[in-house]
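**Student:** As a plain string of letters, each chain reads:
Number of protein chains: 2
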Amino acid sequence: MIETAGVLRTIAMVVEYDGTGYHGMQRQTTLPTVAGELERALSKLFAHDVRIVAAGRTDAGVHATGQVVSCTTTSAFDLARLPIAASAMLRGSRIAILRAVEREPGFSARRHALARSYRYRIVNRTAPSPLNERRAFHVRAALEIATMRAGSEQLVGEHDFAAFCATPPVRGGTTRTLTGISVDRAGDFVELWMTADSFLHQMVRIVVGTLVDVGRGRLTPQEVGAILVSRQRERAGFTAPPHGLFLERVHYAHPI
Amino acid sequence: MIETAGVLRTIAMVVEYDGTGYHGMQRQTTLPTVAGELERALSKLFAHDVRIVAAGRTDAGVHATGQVVSCTTTSAFDLARLPIAASAMLRGSRIAILRAVEREPGFSARRHALARSYRYRIVNRTAPSPLNERRAFHVRAALEIATMRAGSEQLVGEHDFAAFCATPPVRGGTTRTLTGISVDRAGDFVELWMTADSFLHQMVRIVVGTLVDVGRGRLTPQEVGAILVSRQRERAGFTAPPHGLFLERVHYAHPI
Chain A
5 MIETAGVLRT
15 IAMVVEYDGT
25 GYHGMQRQTT
35 LPTVAGELER
45 ALSKLFAHDV
55 RIVAAGRTDA
65 GVHATGQVVS
75 CTTTSAFDLA
85 RLPIAASAML
95 RGSRIAILRA
105 VEREPGFSAR
115 RHALARSYRY
125 RIVNRTAPSP
135 LNERRAFHVR
145 AALEIATMRA
155 GSEQLVGEHD
165 FAAFCATPPV
175 RGGTTRTLTG
185 ISVDRAGDFV
195 ELWMTADSFL
205 HQMVRIVVGT
215 LVDVGRGRLT
225 PQEVGAILVS
235 RQRERAGFTA
245 PPHGLFLERV
255 HYAHPI
Chain B
5 MIETAGVLRT
15 IAMVVEYDGT
25 GYHGMQRQTT
35 LPTVAGELER
45 ALSKLFAHDV
55 RIVAAGRTDA
65 GVHATGQVVS
75 CTTTSAFDLA
85 RLPIAASAML
95 RGSRIAILRA
105 VEREPGFSAR
115 RHALARSYRY
125 RIVNRTAPSP
135 LNERRAFHVR
145 AALEIATMRA
155 GSEQLVGEHD
165 FAAFCATPPV
175 RGGTTRTLTG
185 ISVDRAGDFV
195 ELWMTADSFL
205 HQMVRIVVGT
215 LVDVGRGRLT
225 PQEVGAILVS
235 RQRERAGFTA
245 PPHGLFLERV
255 HYAHPI
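In the order they appear, the protein sequences are chains A and B.
Those letters in the first sequence? Residues 5 to 260, per my numbering, in order.
Those letters in the second sequence? Residues 5 to 260, per my numbering, in order.
In short, the hints are calculated from the structure, not lab data.
Treat the hints with caution; some may be incorrect.
Quick look at which bits of chain A chain B covers, simulated, 3 or more residues with Cβ under 8 Å [what the hints assert, rightly or not]:
1. 86-98
2. 181-191
One side of the interface only, derived from the structure: several residues of chain A facing chain B at Cβ under 10 Å [claimed, not checked]:
3. Val105
4. Arg129
5. Ser133
6. Arg139
7. Arg144
8. Leu147
9. Thr151
10. Ser234
Even for Gly, the Cβ is constructed at its ideal location relative to N, Cα and C.
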């Protein structure tokens with residue numbers, strides 16, 4: 005390991021976490037958050053205060069297998085060793101750093117992200133699944149995949165997604181580009197994937213809640229398009245719970 | 005619901021559980037076990053003492069998605085309603101009854117089982133997986149799938165598996181027929197499936213430990229065959245931990 009302390013490096017990290025028990029991604033003064041835990045561990049490893057920027061502001065209870073965070077450091081810490089060293093520092097937490105690489109100066113996990121992919125898992129059967137208790141949303145009513153797909157297709161493309169937004173952003177409006185959405189069944193599980201340039205607050209969970217209402221026959225696929233056009237949150241479905249949601253991948257011009 | 009109380013019925017149930025926190029499947033006087041919890045719930049629903057028989061005696065920490073248990077009852081309880089009624093009784097536990105059906109008098113989930121299929125999950129990468137902490141065994145050393153497969157093939161067929169047995173059974177010897185074994189990689193996960201008429205005590209976990217030793221180059225595939233022939237437990241590999249193991253299916257002449 006070559007000592008180059010003092011040289012400022014920009015680092016990107018792929019992070020997995022079990023969101024159960026965390027008050028979301030973003031740092032809060034007193035509550036345990038993913039960012040708070042990561043900053044604590046990285047500050048020890050780098051021997052200076054670390055502040056991270058995350059690609060996705062996941063809410064309390066939401067999981068990630070491919071969150072990306074960035075930070076700067078003057079430490080010469082060997083990045084190939086970071087996942088193993090961090091796993092010792094993060095023992096007792098539900099967070100792991102899977103990979104760490106140096107990026108160009110000024111790189112931001114948030115601003116340079118081109119798109120995010122989320123997955124939502126549903127257990128769709130009478131009995132709950134103890135093995136997926138904090139990893140999937142339990143829906144008893146039989147979901148019809150064909151109508152859910154037809155409804156989901158109404159959302160693809162560039163639209164004002166205000167109807168699927170809990171709290172509108174302060175800046176930048178509510179137009180987003182949903183580049184892909186899929187609904188698939190595998191046995192008792194229904195899985196939805198969504199990719200967009202970025203997502204509004206609770207957008208994935210409100211889309212899922214609305215498509216679940218389609219799948220159980222409370223809404224028609226066509227009504228999903230009408231809800232989108234209305235831009236009224238109260239016309240869309242319920243907000244599906246956080247524990248079925250996973251931030252799976254963040255896309256960049258140069259993969260992390 | 006037709007009241008037929010007093011008529012003895014034999015019932016088979018498919019059960020899922022998260023083995024974390026349970027002292028295995030089999031009833032114990034004071035420790036929490038899966039059988040103990042199930043019997044408590046079923047005794048309430050059927051309004052008489054219930055004793056169950058399980059197809060697989062899973063050890064402490066081992067999970068199941070398709071365990072099968074049987075019992076008899078004089079209750080006329082509607083079996084179609086049992087999964088939902090049991091899920092209320094089992095709230096707070098990590099157990100669910102997925103399905104309940106009536107079987108012929110004398111049916112035993114254990115004695116009539118023709119075969120059992122187990123799955124073993126390994127996370128094979130530097131960093132642990134917080135989302136799979138109690139659901140997969142973390143192995144850091146890169147595992148070579150090809151040699152693990154070659155080793156696994158030495159075990160297929162009818163053999164004396166004494167070398168892969170923690171505690172030999174009191175009756176019936178240590179010969180078993182392993183009808184199928186597979187080793188596959190999907191991203192960071194390595195999954196093993198095994199199907200046999202029945203399994204010896206900790207047989208799956210000792211086979212997995214031995215094949216992990218093959219995958220990381222500590223044993224050759226050929227040595228797996230030599231270990232089998234030796235019938236000496238001390239020549240086989242370590243016992244892989246319980247939390248990666250799932251009883252997935254129990255096979256009968258007439259499916260449950």
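**Student:** Next, verify each hint and record whether it holds.
**Tutor:** A quick look at each hint next to the structure:
Under the rule that three or more residues need a Cβ within less than 8 Å of chain B, the assignment of the segment 86-98 of chain A holds, with 6 such residues. Coverage of a stretch by a chain is defined here by at least three residues with a beta carbon nearer than 8 Å to that chain's beta carbons; for the segment 181-191 of chain A and chain B the count is 0, and the condition is violated. At about 14 Å, the closest approach between the beta carbon of A/Val105 and any beta carbon in chain B exceeds 10 Å, and the interface hint on this residue is violated. Hint status for A/Arg129 relative to chain B: holds, with the closest Cβ pair at about 7 Å, below 10 Å.
With a least beta-carbon distance of about 6 Å to chain B, the hint placing A/Ser133 at the interface is held under the 10 Å criterion. Among the interface hints, the one on A/Arg139 holds; its C-beta lies about 7 Å from the nearest C-beta in chain B, closer than the 10 Å criterion. Given hint, A/Arg144 at the interface with chain B, holds; its Cβ is 8 Å from that chain's nearest Cβ, closer than 10 Å. Checking A/Leu147 against chain B by beta carbon gives a least distance of about 17 Å; that is not within 10 Å, so the hint is violated.
The interface hint given for A/Thr151 is broken, as the beta carbon of that residue sits about 25 Å from the closest beta carbon of chain B, more than 10 Å. The criterion of a C-beta within 10 Å of any C-beta in chain B is not met by A/Ser234, whose closest approach is roughly 36 Å, and the hint is violated.
Violation of the numbered hints given earlier is confined to hints 2, 3, 8, 9, 10; the remaining hints are satisfied by the structure.
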